[in-house]
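J.: Position chain B relative to chain A; hints supplied.
There are 2 protein chains.
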Amino acid sequence: MKIHEEKRAPNPRRVRVFLAEKGIDVEYQQVNILDSEHKSAEFTRLNPLQKVPVLELDDGTIICETVAICRYFEELHPDPALMGTTTIERARIEMFQRQVEFSLFQPIAHCFRHLHPAMEKLEVPQVAEWGKANGERALAGMSWLDDQLKARQFVAGDTYTIADITALIAIDFRKVARIEMPDELTHLKDWHERVSGRPSSQA
Amino acid sequence: MKIHEEKRAPNPRRVRVFLAEKGIDVEYQQVNILDSEHKSAEFTRLNPLQKVPVLELDDGTIICETVAICRYFEELHPDPALMGTTTIERARIEMFQRQVEFSLFQPIAHCFRHLHPAMEKLEVPQVAEWGKANGERALAGMSWLDDQLKARQFVAGDTYTIADITALIAIDFRKVARIEMPDELTHLKDWHERVSGRPSSQA
Numbered sequence: 028m029k030i031h032e033e034k035r036a037p038n039p040r041r042v043r044v045f046l047a048e049k050g051i052d053v054e055y056q057q058v059n060i061l062d063s064e065h066k067s068a069e070f071t072r073l074n075p076l077q078k079v080p081v082l083e084l085d086d087g088t089i090i091c092e093t094v095a096i097c098r099y100f101e102e103l104h105p106d107p108a109l110m111g112t113t114t115i116e117r118a119r120i121e122m123f124q125r126q127v128e129f130s131l132f133q134p135i136a137h138c139f140r141h142l143h144p145a146m147e148k149l150e151v152p153q154v155a156e157w158g159k160a161n162g163e164r165a166l167a168g169m170s171w172l173d174d175q176l177k178a179r180q181f182v183a184g185d186t187y188t189i190a191d192i193t194a195l196i197a198i199d200f201r202k203v204a205r206i207e208m209p210d211e212l213t214h215l216k217d218w219h220e221r222v223s224g225r226p227s228s229q230a
Numbered sequence: 028m029k030i031h032e033e034k035r036a037p038n039p040r041r042v043r044v045f046l047a048e049k050g051i052d053v054e055y056q057q058v059n060i061l062d063s064e065h066k067s068a069e070f071t072r073l074n075p076l077q078k079v080p081v082l083e084l085d086d087g088t089i090i091c092e093t094v095a096i097c098r099y100f101e102e103l104h105p106d107p108a109l110m111g112t113t114t115i116e117r118a119r120i121e122m123f124q125r126q127v128e129f130s131l132f133q134p135i136a137h138c139f140r141h142l143h144p145a146m147e148k149l150e151v152p153q154v155a156e157w158g159k160a161n162g163e164r165a166l167a168g169m170s171w172l173d174d175q176l177k178a179r180q181f182v183a184g185d186t187y188t189i190a191d192i193t194a195l196i197a198i199d200f201r202k203v204a205r206i207e208m209p210d211e212l213t214h215l216k217d218w219h220e221r222v223s224g225r226p227s228s229q230a
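Residue numbers (the working numbering), protein chains in the order written: chain A, 28 to 230; chain B, 28 to 230.
The shape of chain A in the complex, shown without the other chains (with noise of 0.2 Å):
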């Protein structure tokens, strides 16, 4: 098998992490996504929608999409859990997962891909004000995953988890949209401390 993916790019770097948490290896082939090569025929037969990262299995099988790809190696490597062990474990982690998306990830990738000037030409139109709405979005967003981290040690609960490696990534992704985070979250900041300290946020 192998991982078709743009090692700069955030959703690449989730499944990455995963991955080193899970201690799996896979083959990574690169897709340079300032060169254009997402929109390349060969490409796009592998994913219409031209995005990475895209799992391709040795039987010709093809996965996209992050979380996805991650329920895939969670299923066939269950240990160390990332999705959790119980039904409302998985259901709680995967709300928390998709609010940090949602309220944290996305703004912080719109802002970047609105406001950025490397942008110009891959996000068409770039649409500043949009930018700008969602620089405050991921403030927000900030608030209110400092507030959950106020009770508990990771962002659904005591263990790590892809809810952590979500909002990991987005508050890295947020130096390159060139949002400050704000001195008073001093509970994401001590997450992000802790996050940061595990062997896997080098992946």
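Since the hints were made in silico from the structure, they are not lab data. Among the hints, a few may not be true.
Residues from chain A that face chain B, not an exhaustive set, calculated with beta carbons under 7 Å [what the hints assert, rightly or not]:
1) 92
2) 102
3) 118
4) 154
5) 156
Ideal Cβ placement from N, Cα and C applies to all residues, glycine included.
T.: Chain B alone, transformed into the frame defined by chain A:
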């Protein structure tokens, strides 16, 4: 248990159709979004992100997020399976569910939220240029889905799944967002007729 929802909003309908397919009856409590009831202190305690639907279990456990709620019921009531029965099926269905969500459901929702006068006080700021860009994306998403449906009866394969539910509700919500479906998308139209004919579509 009960589900806090807004009858007119598309995300709660995803849960209602999912439960109708499984034949599960749940008590619903309405949260009037146009009257800002989702911003009340009482609702904010259930979901600090102020979004519907929210599943409240009898022991007080809260599960927010449409797909997390669906997965909870899928595990408790696996028949009929709407999220797959094997590892590969579950990954592929999740892939399609997310692709429909990001490439069709979200663009249609953004088009509505940023262009419709009814959303003026709820979507701040309304960014008309972003709404228009999403009208274009919704067309691209419909064209992609039409192409997918050339080869099979349902979005993710030969059986009806959660990916069909997300797509059905996106396509129906298209009318509220004032997006036309192009006549040439015959596979999409045939599929839409097929899934609209199921009793669950009335939920």
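J.: Could you tell me which of the hints above the structure violates, numbers in ascending order?
T.: The structure breaks none of the hints.
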